[in-house]
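*Asks:* Here is what each chain is made of, one letter per residue.
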Amino acid sequence: MYPSRFRYEAPRSLDAAIALLRDGGEDAKVMAGGQSLVPLMKLRFASPDLIVDINNVPGLAYHRQDPDGSLHVGALCRHAELERSALLGRAHPTMAAAAPLIADPLVRNRGTLVGSLCHADPQGDWASVTMALGGSIVAQGPAGRRTIPVADFVTGPFQNVLGPAEIAVEAVIPAAQGTRSGGYLKLERRVGDFATVGVAVALETSGTVVIRAGIALTGVGGSTIAAPEAERALVGQPLSADAIEEAATAAAAAARPKTDHRGSAEYKRHMVHTFVTRILSRTEPLAERAA
Amino acid sequence: MTTVYDDLSDAEAGDVPVNRIRFTINGKKKVAEVEPRLLLSHLIRRGLGLTGTHMGCDTTNCGACTVLVDGRAIKSCTMLAVQADGHEITTVEGLATASELHPLQEGFKQEHGLQCGFCTPGMMMAAKQLLDENPAPTEEDIRWALSGNLCRCTGYQNIVKSVLWAADKLRSEG
Amino acid sequence: MSQATTGSRALDEIKIGGLGASRKRVEDNRFIRGTGNYTDDITLPGMLHMEILRSPLAHARIVSIDASKAWEVPGVHLVLTGDMMATRNLAWMPTLSYDTQAVLATDKVRFQGQEVACVIADDPYIAKDACELIDVEYEPLPAIVNPQQALADGAPVIRDDKENQPDNVIYNWEVGDREGTDRAFEQADRISRLQLHYPRSHPSPIECCGSIADFNRSTSKLTVYMTSQAPHIIRAAVALVAEIPEHMIRIISPDIGGGFGNKVPVYPGYVCSILASILLERPVKWIEDKSGNLISTGFARDVYLDGELALRDDGKILAVRMRTEADHGAFFADAQPSKFKIGLLHSTFAAYDVPVGHIMARGTYTNKAPGGVAYRCSFRVTEAMYFQERMMHAAAIDLGMDQAEFRRINFVRDDDFPHRTPFGFLTDSGQYGECLDVGLKAVGYEDFLAQKEEARKNGRLLGLGISTMTEPLGAGNSREYDILGIKMFDSAELRVHMTGKAILRTGAKSQGQGHETTWAQIVAHELGIPAEDIVVEEGDTDTAPFGMGTYASRSTPVAGAAVAMASRKVRAKARKLAAHLLEVSEEDVDWELGRFYVRSAPDRGVTIQECAMAAYSNMPDGMEPGLESVSYYDPPNLTWPFACYIVTVEVDPQTGVWDVLNMIAVDDCGVRINPMIVEGQIMGGLTEAYAMANMQFQTYDADGNCVGANYMDYLLPTSWETPGFELHSEIMTPCPHHPIGAKGIGECAAVGGPAAFVNAVMDAIGDTGVRNIDMPLLPDRVWEAMKYRRDVSGAPPVRTDD
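Residue numbers (our numbering), protein chains in the order written: chain S, 476 to 766; chain F, 1062 to 1235; chain P, 716 to 1517.
Bound-form chain S, shown alone (with noise of 0.2 Å):
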């Protein structure tokens, strides 16, 4: 409950924060919402000597749509405006569908979608989503901006590829090339739970045609699980009920689940296959074609 001693920081720019971290030392950390990493604290599983607050940085508390088509979420926007996003709610499914299903409401009240990806949690729900969207996340460090995929960003369980002195300033979601169609499925005991299984997919279609696919996985193996293979069974044809079961067996194939706790390993490489086939089901271009 009591975290251990440490330095504490709140820069009031970018630059200074990443000086900050430049000359921290090994175990410095960036905190934002600090919703994942102040109850590892707690519990002693985290004890960073010096913590980089970057909640005074300006300019961060965005999450906008580029006149490209791009959505960019900047560091410090909190889950809960992206629940309550009409923009999300318009023109983003997929992200809409998980917004309200991370944590609970009080920690959507701190909590960021960019911690959330750095924190590389291997239950975290935004992962899969920023996957199946291929998103990625841009980086500021001592040697500039760079911009890592989301699929290249976790190294292992609560490991990233960030520097020791770069800090996540966005993430990047691209501009969809046809119509966006989607959701995130979350099997959670009860709200605030980690998720038993969870399965983002991300479509784009031209007329009734998926012109791009994207599913990932939370929770059924010790990171993010992307689904190629069930991608590729939906890209390049309408979606169709044939479609739908062979990207579905092609994504609990993917999944590596373990039996625990939470269930069985084929009961979750079954949801795993369940989820695909009602997200999938339900999204408009079946609807209009099923009726």
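Don't take each hint at face value.
Chain S is faced by these chain P residues, among others (derived, beta-carbon under 8 Å) [stated by the list, open to error]:
#, residue
1, D844
2, T1414
3, E1499
4, R1514
In case anyone wonders, no lab produced these hints; they're calculated from the structure.
Backbone N, C-alpha and C define an ideal beta-carbon position, used for all residues, glycine too.
Following the hints, complete the assembly by docking chains F and P onto the known chain S.
*Replies:* Frame of chain S, contents of chains F and P only:
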């Protein structure tokens, strides 16, 4: 918090670095010197003596410690006291005015929305943010907004009624 | 004594906050303002803080403990280890079940989370820092996580500290008529058998346990503020353990943030804080964290059932037989009436007219925290009624009978009270069939059954579950009930001041039940003093009369009765004062609510307030001044509320997730002092029933690691998952032996509720022939049962891939 140690040995107590912070709590401006590791909930309870904000767990689940920071309901056990620097905190003690209870407080009493009372301050603060943003919530809205606050005693049904009561009263007061 | 009669100036009982008034709660005034006074809110001058170091291993020999670095941390005042406790004979303490329990481990640790050392420092952050620097070397031993392992040949003996303990068996206990039961089974048309595990749960009130021990050298008095549902029992225990005389110990239970049985036992943390305060001569505060609370304090349940019903084909139950295995953890530390090793488990089937039965119960040690009797259980009646209603559900299916009808034809009839159960209880009153009728009507039984059939055609699975039961509440009469030899009476002390206001103190201790509100209502009923004129205090052993505390729904039945009796003693004296004031003889004086009057001239009367004034200023010759009384109430019997819970659900066949459609509760608990508070208690119990049925439990992996030792893994439902409840109170059968006709109620819904949820899900998947899924009915378990058409057990160890 500033701490004075008994000098039990020859060893130096050591320099415990503290940060100075300024914040507003229930409308009053405060200055404090705190260790960075001090949790906001401990600043509120021990540093300020406002014990209405309770601590019920150690994994950021129960919500008994909920306060408003700049009007947003957050779990004060998962925020560092130093992060309150420059911000406004409202706790349960700040709900009532000198002469009147807040309709939420009245509602919880009218509708038997509490039994042991331990989760109640946190519930009311979370409900306050809801009512500030949504003056006419449905039962579903309320249950969703309070899904970060655990209660063991009431089964939530009367808590929902309490918030509805408060919403009615706030609307009728104009 | 007569009740308010036909006098013209009787006060309106509801207006003055008497019986039946849904009086708003007095306690709320401070809680809604955040000015409650919970143990952690209390600060004493010079107070220090204690943190506990716990064992990471479930079973291990302690090779060495090196606390030297902890002592060096600036701000640390004391580091206690088992060896230090042992020099003061405090490394072990007696439990409330006549066993011993380690305070701080010396030779071995016997469960994950067991207390190994503690640090007292200027603030808890520093204490925690120092705990981290204590170096303990362990030699792991094999861990035992269920009774089967405990009883296996060659199993390590967990309690090798005890003499004459060659194995892991704590007790064997039986009750009933074995031969008669065997004969009935031989004659049965059909035998219905059910085996299941009632999983380990934890009461987990939101507030954790804690104490502030304050030993004052100059007065030699020890004061302990603590989270205790039974402060007088604690005083007795501390006198025993710490060898401080009873009159020099003061236990104060301030506001308590939920108890549910978790705050009855004596925990090592309390003992350590007391010793630390004595050694340091400063107040020492210990407030545990939630992880400590979940992993080490009194858990609930963890009992295995092998149950059988002997049945006649027309549906009559001929006999019941149960074999149970209780997993008690590493120490037998339950607070329960000492005569009954398995609590009141043998109250099972009390609602049904079963002629004969036999129960054999065994308790074993395992490498888990001690406990078993807790969590709104009424002393293992949760197990009794869960087993009962799950067996009833299975038996109805075996007989091909309707669930409601099967219960109805076996109910004890309205005119059959008092009724002797096969295990020796005497149930007092009830209208069981009428309650069932109310429930069936409320849920729309026939319509639902039709809906269910329709839905099945569309591949949807609907189900309905019934749970009916009567349970014994209000332990208990002195012939049979005691804890540590102390009889289980309760008490009330009432003092009426000269202006007719009053103060009432009882031996109970509310943790949210609203005693400050409801006890005053009893006094208002008896004396006509408005409830708001009566202050109620509980929890300070220096001022409260001796009581056995509040748990097992005993307070209304016992302490409430004492309140009524104390009030009646006051009324008897007031009658004498009235006669004196009215200048008539006592025989000519009648009573109506709030007033004595001359029978032959009813306009001539005096109020109770005038009598009170007279007690201080105008007494008759020879009468002792003052107007007060104390009553110790030894209940003649337990009280027997009845409940009918009906739940309807829909199960998603693809995911195993189930949703509650309706939750109907029909509760007959006799006279309701405060209907609003009674309903609150029922809803709280229903939530816990839902929690246990749906998501909440603790289990262990093969190494003895506890799963469910923090709020991330121990799942309490939120407002989002918790269903709504429809409560019914149409049937009210007064308790024939209780002074105001009330029965207990606080735990009924937790006792009877779980089976209703489980039976509903089992009904929904009834086509699969699955007989049992252990609680909680998590989606993966329900799915597995449906897919493989087999029972699903939840017993530890947790299944993993390995």
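*Asks:* Next, verify each hint and record whether it holds.
*Replies:* Now for the hints, and whether the structure bears them out:
1. The restraint placing P:D844 at the interface with chain S holds, with a minimum CB-CB distance near 7 Å, inside the 8 Å limit.
2. Satisfaction of the interface hint for P:T1414 is found here, the shortest Cβ-Cβ separation to chain S being roughly 6 Å, below the 8 Å cut-off.
3. Satisfaction of the interface hint for P:E1499 is found here, the shortest Cβ-Cβ separation to chain S being roughly 7 Å, below the 8 Å cut-off.
4. Annotation: interface hint on P:R1514 holds; nearest CB of chain S at approximately 6 Å, less than 8 Å.
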